[in-house]
Structures are given as C-alpha cells and as structure tokens.
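The sequence shown maps to residues 1 to 513 in this note's numbering.
One or more of the hints may lead you astray.
Said to hold, decoys possible - Just the calculated beta-carbon pair ranges, DEER-fashion:
1) Asp130 to Asp423: 58 to 66 Å
2) Arg414 to Val232: 52 to 60 Å
3) Met208 to Pro91: 30 to 38 Å
4) Pro91 to Asp16: 19 to 27 Å
5) Ser300 to Ser54: 41 to 49 Å
6) Leu357 to Ser54: 53 to 61 Å
7) Phe359 to Arg211: 48 to 56 Å
8) Pro228 to Ala128: 18 to 26 Å
9) Asp20 to Asp164: 30 to 38 Å
10) Thr197 to Glu73: 14 to 22 Å
11) Lys52 to Ile151: 34 to 42 Å
12) Ala128 to Arg251: 33 to 41 Å
Please keep in mind that the hints were generated in silico from the structure rather than gathered at the bench.
Glycine included, each C-beta is placed from N, C-alpha and C at the ideal position.
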Amino acid sequence: MNSLPTIPEAIARLLDQEIDAEIQPEDPRLLISLSGGVDSVALLIATAQWAKRSKRTVQVEAFHMHHGLRGEEADRDARHCLLICRQWGIPLHVVYEPLDRQLGPGQASLETLCRQKRREHFAKVAKARDCQWVLLGHHTSDQAETVLGNIIRGCGLRGLRGMDPVTHMAGSEIKILRPFLICSRDQIESFLQSENTKGIFDSSNDSMDHRRNRLRHELLPQLEKENPEILVHLNQLAQESRLRWQSLQTRMQTCLDQAYCLRPFISLPPGSLDQLQGPEISDVIREALIIAADYEGQLSREHLEHLEQLATSKSRSPRLDLPAGRTAHRCGHWIHLGPIPQQDLTPWREITPEPNLPFQHLGLQWTFHTSSEHASFDSRVTLRPLKPEDRWPGRKTRTEESLRQLGIPKHLRRFWPVFVDGDGNILGSPGVNSALVNSALVNSALVNSALVNSALVDSAQVTSSRVPCPQVQFERTDSSEITELAFHLLRIQNYIHHMNDNPFTDEKTGTPS
C-alpha cells in the first residue's frame with residue numbers, strides 16, 4: 001500500500017485527465033457525494049483544493065441525501081455536511097426522502113433501495129445544476145469488498161471488475177468519477193487529519209444486518225490472517241478484469257446496437273447474440289438490463305446461467321423472473337427484458353378511426369394515412385382486439401403464430417389490434433401486414449403497407465408488384481412510463497421499418513416461413 005499515490009496525487013491524476021483535458025467553452029461543474037463520513041469529506045476538500053489549482057474556473061457543489069433513517073443521527077449528518085460546505089464555500093443540495101416507508105415484502109433490500117434512490121436524486125440534481133461530473137469517495141477497501149461480495153453472490157467477468165474509476169450515468173452524458181479507488185482508507189484518514197477536519201461516524205456501518213458490513217468486519221479480517229495482501233490482490237483482480245472486459249466490449253456493443261429500448265423495456269432481436277458464446281451472452285443481457293433500468297439488480301451466478309439457457313433456447317420455460325421486479329422473456333427468437341407485469345391489461349373495445357386524423361389509442365398517438373392513389377375508402381376500417389380464430393388474408397396458419405414470430409408475448413396477443421373491413425374480414429394489423437398484397441385487398445385499399453412483411457401472405461395469392469396502401473404511424477403521447485403493449489407496437493414499427501424483405505425464418509429449418 002506504500003506505493004499508492006497521495007490523496008492530492010490521486011485527485012489530480014483522474015481530474016486532470018477527465019476534466020482539465022476536456023475542451024469545452026463552459027467552465028466545469030462537479031457534484032460531490034457528501035455523506036459526512038471520512039471518505040466523502042476528504043473527497044470534498046481534496047477536490048476543492050484541486051479546483052483552486054486548476055487552470056480553469058471549476059465550480060464544486062455537494063449533494064447529501066437524508067434517507068429518513070437513524071433519527072437524530074441522520075439529522076446530525078446533514079448539519080455536519082452543511083458546516084463543512086460553509087467552511088469551504090461550497091453549495092450543498094440536501095434531498096430528504098424517508099425510505100423506511102418504501103420497505104416491504106417483495107421490495108429491494110435497504111442497501112439496494114438507498115443506492116437506487118441516491119442515484120435517482122444524484123441524476124436529477126446534476127442535470128438541474130448542469131454538473132457534468134459526479135464524484136464518489138470509494139477507496140481500495142470498498143473495491144475489495146465489492147469484488148468479494150460479487151464472488152460470493154456468484155458473478156461473471158463483469159462482477160470481477162468491481163467499480164470502474166470512470167463510468168457514465170445511465171441515460172445521460174454525466175460521468176461518475178471515483179478518484180480514491182487507488183487510495184487506502186488509512187491514506188484518506190491521514191489526509192483529513194492533516195487538514196484538521198473530521199468526518200462523522202455512521203452507526204449503521206457496524207450493523208451486521210448488512211452484508212457489506214459482515215464482509216468488512218468478519219470475512220475480510222479472516223482472509224487477511226491467511227494473506228495480509230488480500231486487499232491488494234482483490235484490487236489487482238478488479239483491474240485485470242476491467243482490461244479483459246474492455247476487449248469484449250466491441251462485440252457486446254455490436255449486439256446492443258441492435259437492441260430496441262424504451263425504458264424500462266428493452267428487446268434484443270433475432271440473431272443479435274449469434275456472434276457470442278457462453279457467458280458472453282448473459283453479459284450482454286445484463287448490460288441491456290442496465291441500459292433499461294440503470295441497475296443490474298444483484299444478478300447471481302444462477303441468474304446468469306439461466307439467462308444464457310433462456311437466450312439459447314435450452315431452458316424449458318421461455319420466461320425467467322429476475323431480482324428487482326424484472327423479467328426476461330424469450331419469444332420468437334426475441335429476448336425481452338422489463339418489469340414483471342403487475343396486473344392484467346384492461347380489455348378494449350373496437351374503434352373506427354378517421355383517415356389522416358391522429359387519435360389516442362392504447363397509450364399511443366395513431367395516424368392512419370391513405371395514399372394518394374387510394375385517398376378514399378370503399379368501406380370503413382375498424383380496429384378490434386385479436387381473436388383466437390383470426391387468420392391473415394391468404395394464410396392457413398393462425399394469426400397468433402405470426403405474432404409469436406414477431407416476438408409479441410403470449411399475454412399481449414389477445415390485446416393486439418387488427419384491422420377488419422365492413423364485413424368483418426381480417427385485413428391485417430399494425431406491424432404485421434404485407435407490402436405484397438393480393439388484388440382483392442388492393443382494390444379495397446385497406447392495407448397498411450409500411451409495417452409489414454411479405455412472408456405473411458401466400459405468394460400464390462399476391463401480386464408481383466408493391467402497391468401504395470394506407471399506413472399507420474405511432475408516436476408516444478407523453479414522457480410518462482410506457483406500457484408494455486405500447487412498447488411492442490413501437491418496437492414492431494421500428495423493426496419492420498429496418499428489416500429486409502424476409503425476416504421470418506422457420507425455427508427448425510432456418511428457411512423463410
């Protein structure tokens with residue numbers, strides 16, 4: 001540990017690289033996570049000192065979250081943070097959210113809940129204050145505890161990486177920096193003593209109810225008796241794993257670039273995982289979970305193995321429930337990730353839309369267009385939910401099978417919208433009609449051509465030329481959380497728009513269906 005850099009050196013090493021090296025017209029703004037403990041107070045002071053030496057004008061601000069736990073002790077923490085910030089002339093943002101009211105059966109653990117809520121509020125404050133960087137005070141002992149905890153839980157290569165010194169806050173350009181990952185706790189305490197400043201002690205750090213505390217106070221001391229260098233070795237393992245992870249990143253990113261995401265849902269299309277093998281598959285799915293929810297969800301080794309089996313069609317069940325109330329679902333070679341459905345969808349009644357007039361339906365804004373060649377309708381188009389006996393025009397197979405190939409989950413299919421004419425004949429559906437349509441359908445001018453695939457209509461009953469027909473376009477109605485049905489309608493619209501002419505293949509032969 002003697003070879004570790006000093007606290008000022010550690011701060012300068014990372015901040016010079018990440019902040020002073022940035023070419024931006026505006027002055028940098030940093031947000032410090034300040035709990036009031038030794039690590040965060042040292043981080044605040046060392047960063048403020050670096051900012052004064054910087055060649056640019058750096059604005060340092062602090063964030064403290066009051067979890068509504070520990071009573072007077074938590075109030076004391078907030079007061080201490082305010083005192084330190086006043087001494088250094090640093091603005092402090094305090095967020096109060098009583099987390100004890102959010103605990104209960106089926107909910108995340110207290111540790112997990114605190115971490116999730118801190119990150120949520122961190123992101124809000126950072127964006128509101130236009131802070132491009134968020135700084136956390138994790139050090140070498142924290143890193144060792146993280147790696148060891150991941151090993152005990154059962155992790156893959158990603159878990160062995162521990163915490164990265166530089167990461168992006170999911171869904172934003174804000175960077176999270178951990179400059180103390182190359183510093184020991186002893187160094188941090190010595191630095192704070194040299195500044196004649198104290199951090200306050202959080203009594204919950206001694207509670208054996210929390211796994212990290214058990215690792216810190218019980219398991220790691222026992223391991224140190226076996227090898228006094230265990231902290232060094234765990235940190236070296238994390239560093240080596242990060243380097244190996246970087247070599248995998250390019251292939252993983254190629255897969256993730258094909259995903260369709262509208263948080264909290266994300267879907268990986270057929271073929272996107274074909275270039276990966278073994279644990280790499282579960283690594284990609286875990287990254288997709290993080291993209292969709294900012295959170296890995298404490299996946300165990302068993303979860304990772306089951307995810308790999310699900311993605312490769314080796315599992316008996318097409319669905320796997322995951323921690324933090326999420327699920328993975330395989331359907332038609334698609335892999336869908338999102339929240340576990342909490343309740344059944346409400347049945348909806350059929351409607352008759354007006355051409356070219358936007359209308360709200362199923363959580364989306366619809367626009368039902370007519371082409372210039374078919375500006376008027378011979379009969380009115382009606383939208384209704386799918387029925388089990390429905391068949392696409394010219395197809396003998398059930399319509400539901402076509403939806404399965406498109407990855408529409410089974411519990412959503414009876415709510416999937418279909419078009420019918422005045423006589424009740426099935427014309428098609430948003431996302432699953434055909435651009436090659438038979439002459440009878442062409443004459444009625446009631447087919448959606450833009451979101452469709454020719455494999456769904458028998459070639460013997462279609463014309464050989466593409467015909468302009470009415471189209472449906474979807475848009476989100478607002479920024480609120482999207483429903484699962486609306487997500488899949490938008491996913492299909494996006495996918496069909498970018499797919500080739502024959503994306504559907506038979507699962508056994510690999511030939512067009």
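Here's how the hints hold up against the structure:
1. Restraint check, Asp130 to Asp423: a C-beta distance of roughly 60 Å satisfies the suggested window 58 to 66 Å.
2. Distance hint check for Arg414 and Val232: the Cβ-Cβ separation is about 59 Å, which falls inside the suggested range of 52 to 60 Å.
3. Under the hint 30 to 38 Å, the C-beta atoms of Met208 and Pro91, about 37 Å apart, fit the expected range.
4. At about 24 Å, the CB distance of Pro91 to Asp16 agrees with the hint of 19 to 27 Å.
5. Remark: the range hint 41 to 49 Å for Ser300 to Ser54 is upheld by a beta-carbon distance near 43 Å.
6. Checking the proposed 53 to 61 Å range against Leu357 and Ser54 shows it holds: the Cβ atoms sit about 57 Å from each other.
7. In this structure, Phe359 and Arg211 meet the distance hint of 48 to 56 Å, their C-beta atoms being roughly 52 Å apart.
8. The hinted range of 18 to 26 Å is not satisfied by Pro228 and Ala128, whose Cβ atoms lie roughly 46 Å apart.
9. In this structure the hint that Asp20 and Asp164 lie 30 to 38 Å apart at CB is violated, the actual value being about 20 Å.
10. Hint check: Thr197 to Glu73, Cβ distance near 19 Å, so the stated range 14 to 22 Å holds.
11. One distance hint, 34 to 42 Å for the beta-carbon pair Lys52 and Ile151, holds here, with the actual separation near 41 Å.
12. For the pair Ala128 and Arg251, the beta carbons lie near 37 Å from each other, so the given range of 33 to 41 Å is met.
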